[in-house]
Amino acid sequence: DGGITQSPKYLFRKEGQNVTLSCEQNLNHDAMYWYRQDPGQGLRLIYYSQIVNDFQKGDIAEGYSVSREKKESFPLTVTSAQKNPTAFYLCASAPNKGGLMNTEAFFGQGTRLTVV
Amino acid sequence: KQEVTQIPAALSVPEGENLVLNCSFTDSAIYNLQWFRQDPGKGLTSLLLIQSSQREQTSGRLNASLDKSSGRSTLYIAASQPGDSATYLCAVRRITNAGKSTFGDGTTLTVKP
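If you're matching them up, the sequences are chains A and B in order.
Residue 3 is where the first sequence starts when you use the numbering used here, and the numbers rise one by one after that.
Residue 8 is where the second sequence starts when you use the numbering used here, and the numbers rise one by one after that.
Worth flagging that the hints you see were computed from the coordinates, not collected in a lab.
Accuracy of the hints is not assured; some may be wrong.
Under 7 Å between C-beta atoms, here's a sample of chain A residues computed to sit facing chain B [stated by the list, open to error]:
id : residue
1  : L47
2  : N86
3  : Q111
C-beta atoms are modelled at their ideal positions from N, C-alpha and C, and glycine is treated no differently.
Given these sequences and hints, build the entire structure.
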């Protein structure tokens, strides 16, 4: 079945460590996105990529890094520079018409990251 | 800057009631507005997508309307069921911000049997 897979579902990070969250899609979508969600709040955009080998900062990119070496994959690294990384992270993908997402977006099931 | 507000933040209704969730946005220059459902600890499931040129979309018991000039959208749920209990999020995609989406904080709906 086509869809977006995020792994792991739960992740624990020690202070000072970098961790990488995985996002894979087999929908043949050009555009992929990473969002952060804090309790009781909506989604905030971290990074997005409209095409392979290209990505752009979102609204809260500090302390995060991404890569887009393959169309299917858009991993997110939470670095030690991110001061408050505990949150729910969601990956999304969408068709990319004319460089802009004007069609339906699909989301993964999320990764809950906790700093211990 | 686009701001998206959802009112109320939480809503509790008895089973069978019809209800309306509200979403307002400050910048009317949008490509589309999308309504999502989120169950606790889960990702987002798309419910309805309304293009900027459309006034409403319907899917089963759900009807979403869009009034771009006033910056408002409503999600109407008919004959609510306990299975409708979830958080409902709206998101608008701006024309003037490289097509990025802005999300509201959501409305948490509880439908009591």
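Among all the numbered hints in the text so far, which are the ones the structure does not match? 2
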